[in-house]
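Chains as they are written, first to last, in this note's numbering: chain A, 94 to 459; chain B, 94 to 459.
Not one of these hints is a red herring.
For identical chains, the list gives no copy identity; a pair is met inside one copy or between any two copies.
Cross-link-like lysine-lysine pairs, in silico, DSSO-like; alpha carbons within 27 Å at most: (1) LYS143 <-> LYS217; (2) LYS103 <-> LYS208; (3) LYS143 <-> LYS103; (4) LYS143 <-> LYS208.
Honestly, the hints are just simulated from the structure, not real lab data.
The residues making up each chain are set out below.
2 protein chains.
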Amino acid sequence: MGRKRTKSGKIRLAEVAELAGVSPITASRFFRNPEALSIAKRTRVESAAKELGYVPNLAARALASQRTEVIGVLIPSLTNNVFSDVLRGIYDASEGSRYSIQLSNTRYSILQEEKLLRLFLAQKPAGLIVTGIDQTTESRAMLEAADCPIVQIMEIGPDPVDMMIGFSHYDAARAAVAHLFEQGRRKIGFVGARMDPRVQRRLDGYVSAMKDAALFEQRLVVTTATPTSVTLGCALFADLLAREPDLDAVFCANDDLALGVLFECRRREIAIPDQIAIVGFNDLEFMASAVPTLTSVRTNRYEMGNTAATMLIEAIDGRRPEQPVLDLGFKVIERQSSTSRHSDSRPAVSGASAANKMVALPSGHD
Amino acid sequence: MGRKRTKSGKIRLAEVAELAGVSPITASRFFRNPEALSIAKRTRVESAAKELGYVPNLAARALASQRTEVIGVLIPSLTNNVFSDVLRGIYDASEGSRYSIQLSNTRYSILQEEKLLRLFLAQKPAGLIVTGIDQTTESRAMLEAADCPIVQIMEIGPDPVDMMIGFSHYDAARAAVAHLFEQGRRKIGFVGARMDPRVQRRLDGYVSAMKDAALFEQRLVVTTATPTSVTLGCALFADLLAREPDLDAVFCANDDLALGVLFECRRREIAIPDQIAIVGFNDLEFMASAVPTLTSVRTNRYEMGNTAATMLIEAIDGRRPEQPVLDLGFKVIERQSSTSRHSDSRPAVSGASAANKMVALPSGHD
DNA sequence: AGGAACGTTGACAGCGCTACCAGCAACGAC
DNA sequence: GTCGTTGCTGGTAGCGCTGTCAACGTTCCT
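Modelling step: build the complete structure from the supplied sequences, incorporating the hints.
In structure tokens:
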């Protein structure tokens with residue numbers, strides 16, 4: 094019905110095709126698979142599109158092709174520093190690809206996750222990134238039935254839905270405790286907050302290491318379901334100290350807690366590391382600048398997000414990785430807070446010790 | 094032809110309508126404007142949809158209605174704590190509404206912002222949230238031509254595109270400096286990183302306050318374009334101290350820098366606040382737990398994001414706010430790092446002083 | 001009583017794009 | 001020379017939904 098030159102002056106594929114002197118379908122192909130066109134038509138369509146300032150209509154494309162170019166991402170928290178690094182990795186990888194990111198926050202609730210998953214799946218995403226390996230049975234079933242690639246991030250486990258990228262929190266915690274053992278520490282406390290599955294596995298790693306050395310005592314463990322914070326680190330450490338005044342080290346489930354412990358020690362004039370050693374988890378930026386500098390377990394958060402999104406996009410485009418489960422490992426970054434002698438002289442400007450000793454371990458081999 | 098019972102067994106609006114015994118268009122209306130239906134049909138459609146587990150196809154809806162239910166959000170950084178709070182506010186507000194969030198990262202580049210804006214606008218978003226008031230001329234023109242509501246967040250300025258929510262960074266900086274004056278400080282340094290427009294305006298506020306008191310000296314200002322970090326705070330403070338050993342206070346453009354300054358002081362055994370007072374900006378959680386507790390300018394980041402998204406959604410739905418520009422103000426939270434006497438005894442557990450004195454100021458009245 | 005106004009419903013015709021299949025030329029194999 | 005085969009192109013027919021308009025019954029007004 095005389096549908097040329099749409100009233101609102103919008104540029105449709107048909108206009109581009111007309112200007113290029115090809116059929117709409119050929120123009121369409123140019124945007125999806127340029128190699129399928131002859132060079133002549135390819136350049137004609139390209140310049141026509143540029144001249145008209147054509148922008149494809151994603152809704153029409155999604156409707157016609159029965160699939161979207163959206164990657165769904167489900168993470169438990171928007172505030173946690175850990176996830177902001179992961180997210181940045183994901184967004185960086187998605188840029189330049191034709192996929193866009195649809196982000197949702199499960200607030201550490203697997204029921205909420207299930208609900209969001211249902212929502213996402215109904216829109217037929219091109220791919221999905223989900224956090225962790227602890228889904229509801231229902232969620233798990235939906236993921237397995239989904240006809241798109243899926244990456245589980247943050248940790249690795251025995252039974253991937255599809256792809257998986259992360260590291261073993263259990264092994265990482267064991268390595269942290271092993272480091273403290275090496276430094277001659279015996280009464281090592283554990284401080285944890287939120288107690289999501291990954292923190293729980295860090296606790297498990299700590300417990301197993303302590304039990305292996307016949308040093309485990311329940312009262313050395315202080316945890317809470319409350320979301321983590323520096324202030325909470327102060328409070329939990331105070332609790333721990335009240336239970337066990339002879340403590341000679343604390344392994345904190347994350348760096349915020351470690352910073353809180355550091356502050357609380359300073360407040361109580363407890364010498365670090367002479368009286369108590371501190372080890373954190375994640376190696377956030379400030380750990381290297383604290384006084385004393387704080388030992389932590391470095392995790393590759395940005396890389397985790399970036400690789401996950403990259404792998405996912407490759408899989409969507411039909412190039413599945415040969416290795417669907419990727420262990421990114423971790424490193425214990427040894428700093429002053431847990432090493433008995435301050436061997437290095439104070440650096441000129443920043444508190445970062447230039448001579449951080451690193452203990453690198455690929456996780457996953459128990 | 095014969096398009097009933099789509100092959101893949103997918104539930105379309107037509108199936109719902111058939112089961113409910115109404116026409117598809119009536120069923121469609123149920124999802125968009127239930128009040129337009131008679132009670133009888135409303136309940137019939139509702140139960141039919143529930144029975145079939147109908148989920149609307151957003152792509153088809155977008156194509157047919159020529160508009161999407163996507164709110165575009167442009168922020169400069171995914172890593173910065175400040176923005177993660179804002180984002181959380183935005184996502185929280187979008188939940189429960191029918192709008193979904195499309196997030197993109199401008200990396201503090203207004204050119205990148207322009208590019209993303211073009212991309213977003215091409216998809217006809219339902220609304221847009223952009224950061225700050227410094228857009229390129231081109232971006233500004235696009236925003237003004239856009240036929241959707243727009244909220245500028247993070248700061249307020251004279252000439253809103255549409256709606257605006259934030260506070261005056263200039264006034265907030267002046268208030269921070271005024272507080273230091275009150276405490277008898279005179280040689281007040283400024284430490285800033287990244288120097289995005291908002292940090293620049295904090296610097297402007299600092300400069301004007303110092304000039305008003307005839308205390309401004311260029312060498313009191315240390316800034317860098319480098320992204321902010323705690324480590325950078327250490328380094329910049331060291332620079333500042335080298336230039337001006339008689340310093341008696343530092344105003345840091347954000348809390349990470351302030352923490353770095355704190356650590357560097359500890360490293361150099363500079364007494365806080367006796368020798369040097371520290372004031373940060375944003376009042377991140379850890380400021381209340383540091384030793385000594387750190388004074389900061391509290392900003393309502395979560396509320397900013399939440400209110401912005403709420404206002405935007407209201408505006409999309411046709412209920413424009415009577416007051417399109419909202420000043421959320423700020424508060425100088427006075428803590429030990431800038432108050433001369435430690436009047437409060439040590440709290441039992443956390444470092445947070447229970448008796449934080451607050452100076453609240455609605456910004457915007459110079 | 002006649003007609004306007006309203007509330008409710010449905011038919012029709014796309015929205016802009018792509019899946020599918022058919023067509024055609026050019027090429028090599030038999 | 002005939003028959004595939006490959007590479008490129010185009011026509012047709014929707015994808016699932018909603019905008020528009022018309023039609024209907026009911027109520028309210030004059």
